[in-house]
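Enquirer: So the protein sequences, as listed, match chains A and B. Count the first sequence with numbering that gives the first Met the number 0 and you get residues 0 to 261, in order. Count the second sequence with numbering that gives the first Met the number 0 and you get residues 0 to 254, in order.
Worth double-checking, as some hints may not be accurate.
Within a straight-line C-alpha distance of at most 27 Å, the following computed DSS-like cross-link-like pairs (lysine-lysine) qualify [to be verified]:
hint, chain 1, residue 1, chain 2, residue 2
1, B, 166, B, 203
2, B, 209, A, 72
3, A, 180, B, 203
4, A, 244, B, 209
5, A, 72, B, 203
6, B, 209, B, 166
7, A, 72, A, 180
8, A, 180, B, 166
9, A, 244, A, 72
10, A, 103, A, 180
11, A, 180, B, 209
Hints were generated in silico from the structure; no laboratory data involved. Please read these numbers as outputs of a predicted model, since none were measured by experiment.
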Amino acid sequence: MRALYTAATGMAAQELNVQVISNNIANMRTTGYKKQRAAFQDLIYDHVRRIGAQASDQGTILPVGIDIGGGVKTVGTPRLMGQGTLSPTGNDLDIAVRGEGMFKIQMPDGTFAYTRDGSFTTDQQGRIVNAQGNLLQPTITIPQNSSGITINTQGQVSVTLPGSTTPSILGQISLTRFMNKAGLQPIGDNLFTETPASGPPQDGIATLDGYGDIQQRNLEQANVEVVSEISDLIAAQRAYEMNAKIISAADQMLQSTANMFR
Amino acid sequence: MENNLLIGLSRQVSLERQLDVVANNVANINTNGFKADQSLFEEYLMSGAHQDNFIGRDRRVSFVQDRATFHDLSQGPTQETHNPLDVAIDGNAFLVVQTPGGERYTRDGSLQVNSAGQLVTAGGYPVMGANGPITLQQTDHDVTISADGTITVLEGADTRIDSVRGKLRLVSFADPQKLVKDGSNLFSAAAGVAPQADTAARVKQGFIEKSNVNAVAEMSRMIEVNRAYTQVTAMLQQQSDLRKSAIEKLADVPA
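Next comes chain B alone, as it looks inside the complex (with noise of 0.2 Å):
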């Protein structure tokens, strides 16, 4: 007799988590480097009292669960930005990043220089370089990055030779699904999940790559999800409705 209003809750606390994600990437639609997250979800079959016996057999109850998020790795759209700072990488490879808690991989390019000269994330974690992080020097100008990574820069007055200041690490995973999100733009790697060297992707200097949020999907999936939402809330009101009506019936003593 409950199920049908459990069953509902099953289904009314799965949209309103995928609700959750659609509104988190939305809220990051404007994130660089950002790889929208989305739901799955599963059937749950109830393992109650059933009677199979009889010729039509008793049905099991199915509930439904959120099984995973996954995310979207697709390459998000480039913004041409004319900073030397800012670095799209198009392909699968992602930037490694040094933070206190051990490396992390992004794919926001948005690069700056601290007050030591080296390169950092916005979040002022060092950038690392094939050989730890890069560091520029106090004369050095007219930073260019070439398509694999290497950095060079022109030093003091010389105005023609360029200098090397390192090459940003790139590197790929075999299963990317299996990536952390950390929050800060940042990836973490689960044990197990080790890092390759990418040679095949490419760095595009001045440009930058945007949220992979696809606003017009997530827009569509939202009104899904607020439509589904109000079905069940409407099957569950018939359903208490129903109820309602046989108690009162039923429960009718003639005077």
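Just chain A, same shape as in the assembly (with noise of 0.2 Å):
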């Protein structure tokens, strides 16, 4: 009995739903969160009496067909690029972008990362660093008792140096695009690697070609709206349930006609 098999590929397509909305939510506060969507399409069919097909030698045509489905599908569960929410934090090395740009990261093997979490801090030689100590591209160092750190929006980082009055200019943190960012492969940690998905990396300034703008002591949010999320998660639950109602009545259905004949 086919219903059996289809039931259970819409199990499966249902207990992925809700691992994506479950990540979704347990994310709900991280820095730079993208949420994800698991997106489905229908499986192949079962031509039995295909449309359009002969009827008679008169010339006449089945208007209609026997089309069979086969079930449900995981096409892909594409991140959701969307501007979280600025949250302002006081702290001079928070930044967030406003806009399409990410910023680039220098990973322990010398390879780029790309992220949206912009909390920053310096490590023991003054070096901008992500949370888990992996430079900001380009490495901008801060000098020892300087003060006044500045980020503008155009990412130029500016201090004040000790006995001068007049900030000066360390360095200028650029932003990079990707034509496709929902193909950037996620390593956890708030980062993503480029893939053949999404296109080469554009590096770029902050307020040109839309990159947006930086905005310093703030973060951003995870783009995660909890509403929409747990009324995803209550639909994909009884959808969950109405595939294993299915499955139990192709079940009774075939015990009836194992039960027929004693």
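Build the complex: two chains, separate frames, hints provided.
Expert: Have a look at this one:
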């Protein structure tokens, strides 16, 4: 009985849907997190009676056919890269991007990763690093005893050095864009890496060409909307239950067949 | 004598297939742009030997067989997603998708951008505009899709002037029942079914059309199928018991 397997694909899809939703809810307070969504498609159909087939030698054709579907498949879990709300933190090295750009981080193995999480600190040498201690690109070193770190909307970092009254510029934080941000590979720690689907990274400067502007003393919150996640969760749970009901209905039918003749 | 068994079997086979259709609908209850299927049945009169000359004529035996499945093409509910690349179509139109096998049609408006900047479906096939695939440029941002499907963006540092990137091609069919489901949320048109440009349909950006499967109706249909199947089984069982006792009684040779 095909219905058993069809309903099983439905249960598997809803299980994955609940996983995606629960990951979104778990990360609702993760800085720079972008929510995911499970995308489903119907499986192939068995065309038992093909529509438009010849019905007689008089040239009449079947106006409708018999198409039996085989269930559902998950086609992907695309990430929705919409802007998260900015929340002020008051911390000098908390920066958020309002726009398309991402921060570029150098990983310990020399490769680059990209993030929307702008909660940076300095390491023992005064270099700006992310929470894992990886360097923000280009590397900017904040001298000891300097004060008044200012990062403007273009990403220029300036400080006031001891014995000076005017701020001096230390460097400029660059931003990176991708043609298809949803195609980036998440590697955990709020980081993403380039893939063939994302397109090559395009480095640029904040405020230009749609890279967005940089907001100091702000962090970008996750773009998860709890209300819609919870309603999606309820829908997924009910859909799972209904698929389970189909399985038990098919089971009952098979059982009654098995008990038909004593 | 054996007709009742075979008639019961014809009903059971058609009920099984109806449950398959219900199962596919329920499995796709969260599939964007999915259109539910429904089964149609018809009577099949057996053309066997029968004698019509008696006063009480022989009744012809009729079986049941499934005639067709048809698409319920009603509008599914739309959900607001705030995602600029999600479009729901208000009306009868379909989006046109370019696949390796030719043009296909879909109601699933969860669009993506691929690495070349083309607007694609979740399956990665380009969505056709009025003049071919729609391509966004590297510096484009703030994509706006208007009600008639025109796609405009802000380009580069510009924050005021819209640049047009194309217009979604919307088509509808005189007889949409002739569309064939291809899987992957795609419909294909049978030979002789030509798409016509649809100007009445409206595109809603930031919304997605959900599956139009009616959960309550599918669940009650499932119970109906299940009960009908059990009833046929019980009927066949009674017939079997009848035959069994007939054999026992009639063949009971007194010793």
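Enquirer: Does the structure break any of the earlier hints, and which numbers would those be?
Expert: Hint check: nothing fails, all pass.
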